[in-house]
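Peer 1: Okay, here's what each chain looks like letter by letter:
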Amino acid sequence: MSLVARHLEADGLPTVIMGCAKDIVEHCGVPRFLFSDFPLGNSAGKPFDADSQAATLELALRVLESAPAPRTTVQSPQRWNDDAAWKLDYNNLAKLTPEDIAERRKEFESVKATIKDMPGRK
Amino acid sequence: MASAAEHDVPIPYMQRTRDYYQTLGFPAYRWAHFADVPFAPLAKPLAASRVALITTAAPYQPGVGDQGPGAKYNAAAKFYTVYSDTTESAPDLRISHVGYDRKHTTAEDSRTWFPLAALQASVKAGRIGALTPRFHGSPTNRSQRVTLESDAPELLRRCREDAADVVVLVPS
Numbered sequence: 001m002s003l004v005a006r007h008l009e010a011d012g013l014p015t016v017i018m019g020c021a022k023d024i025v026e027h028c029g030v031p032r033f034l035f036s037d038f039p040l041g042n043s044a045g046k047p048f049d050a051d052s053q054a055a056t057l058e059l060a061l062r063v064l065e066s067a068p069a070p071r072t073t074v075q076s077p078q079r080w081n082d083d084a085a086w087k088l089d090y091n092n093l094a095k096l097t098p099e100d101i102a103e104r105r106k107e108f109e110s111v112k113a114t115i116k117d118m119p120g121r122k
Numbered sequence: 001m002a003s004a005a006e007h008d009v010p011i012p013y014m015q016r017t018r019d020y021y022q023t024l025g026f027p028a029y030r031w032a033h034f035a036d037v038p039f040a041p042l043a044k045p046l047a048a049s050r051v052a053l054i055t056t057a058a059p060y061q062p063g064v065g066d067q068g069p070g071a072k073y074n075a076a077a078k079f080y081t082v083y084s085d086t087t088e089s090a091p092d093l094r095i096s097h098v099g100y101d102r103k104h105t106t107a108e109d110s111r112t113w114f115p116l117a118a119l120q121a122s123v124k125a126g127r128i129g130a131l132t133p134r135f136h137g138s139p140t141n142r143s144q145r146v147t148l149e150s151d152a153p154e155l156l157r158r159c160r161e162d163a164a165d166v167v168v169l170v171p172s
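These protein sequence lines are chains A and B, in that order.
Every letter in the first sequence is one number past the one before it in my numbering, and letter 102, counting from 1, is 102.
Every letter in the second sequence is one number past the one before it in my numbering, and letter 115, counting from 1, is 115.
Looking at chain B on its own, in the form it has when it is part of the complex (with noise of 0.2 Å):
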């Protein structure tokens, strides 16, 4: 088995950011941090269970600018409350206002940030239980007090109320 390349391990994305904020000229950004994290064991198997999925991605918005494939960071593209929409169609979702590699993506094809059509078919399969009706949009401001005190709530709010037992969180 041969050895991997040096640079061949995840991005240090916080080391890479904190360089090149202070490099522009930009305030420190201070990532969110705990020591204590929660644990809730699966009540069910997930055959029998019901899957919310919660996004980051943002619906396609006429009128704000270039969303992509291959847009520009495109902050007029951000969403600032929670959003949910039907699981049974395929939504025009985008990741224009998000920091993706924009070099060594293209964002054309929305299943690589948004597994709707993978876990419809876990459904088919009989993988998992159902979906719930809905998906939901998590806002992506940057704000750890708003996430914490407003989204996050809201989201919890949602998933209960669609009878979630479990939920796939991906961001884009």
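Extracted from the complex, chain A is given alone in its bound form (with noise of 0.2 Å):
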């Protein structure tokens, strides 16, 4: 998607992101970024809260009306709760066990065989 931006952005087009990933986008380098410090999957506010969704679409809207340069990054100012513990869980291998990490592995073979296996693949 940073590389989407980048490219709208190179003819004329002014974009934002809004995502969960800070350091993949910014290690990309993308003209504006509204960071949502939450589990991937709610770029766009928390569920079934229509009030952070709406603050979250307003500040990215701010975001891209005002940014004074590129690489302008802003953190939602939202918590996904009050306790980051969540934080230590996304493919953490601290936190996996040998039978865990067996698992994913074969899960990630039959990923990789379906994808390979898919029309229009280039």
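These are calculated hints, taken from the structure and not from any lab test.
Treat each hint with caution, since some may be false.
Calculated lysine-lysine pairs in the DSSO-like style (CA-CA distance at most 27 Å, straight line) [to be verified]:
1) A:K106 to A:K95
2) A:K106 to B:K103
3) B:K103 to A:K112
Covered stretches of chain B (chain A as the covering partner; in silico rule of three or more C-beta atoms under 8 Å from a C-beta of chain A) [claimed, not checked]:
4) 33 to 39
5) 62 to 76
6) 155 to 162
A few chain A residues that don't get close to chain B, going by computed Cβ distances all over 10 Å [stated by the list, open to error]:
7) V74
8) P77
9) D89
10) T97
11) T114
All of these numbers come straight from a predicted model, not from anything done at the bench.
C-beta atoms are modelled at their ideal positions from N, C-alpha and C, and glycine is treated no differently.
Using the supplied hints, reconstruct the complex from the two chains, each of which is provided in its own coordinate frame.
Peer 2: Here is the structure:
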């Protein structure tokens, strides 16, 4: 998605990315980025929380209209919850047993095979 | 004001993924990385602008397995070419084809990854001028070459065709 934003922007089309993976988006380098410090999958606000979703979009629009330069990141002030322990879980080897790892290896192999077989794959 | 916990920082996804792939025995992934970043100023105020929405979410496809909410990673639900659909109604979009945080979120409310309803409300409120008639889907095939050579130019073409003034991109 970051590559797409860069491509649009290079053609003169202003963009803003709403996302949750701060390091990956900033590593690529994008014009404007609203970062929500939420689990992946919640780039546009909290589930079943219209206020959170509206506030997230509004902040993205403000980033879009007011960023002074490329690589502008604004972090949403919203918190996923008071306890940040959820951040320790995603793909964290320290939290996986050898059985978990074996299971995930198997799953990954099957995913890879599925993608290879997909029509239209270039 | 109380201090935050040491681990209360944005998740270092690149480091986590590198370690994870290495332990699972898979080749390292190289994320896109550029020194220069383009920048285009807004041509007019948002209240007079047409906004395009680009998503990585996938249209629900019957017959390719569980697509959620709460489905396991489902690579068969991926899509490989840019698609577009109307912004007039609410499409059935899913994210079972990407690596979202399945432990801490359930993917039950599509408004958390596809802000069409919030954008429609912003049009109503006069905050933005209008939405383009279509939103667009951007494939997540992890080939940067395909993204750069095919998908990004096609998305640009469609945004221009719809006379978009600005674009909101929402990776899921």
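Peer 1: Identify every previously stated hint that the structure contradicts and give their numbers, smallest first.
Peer 2: Hints 9 and 11 contradicted; others consistent.
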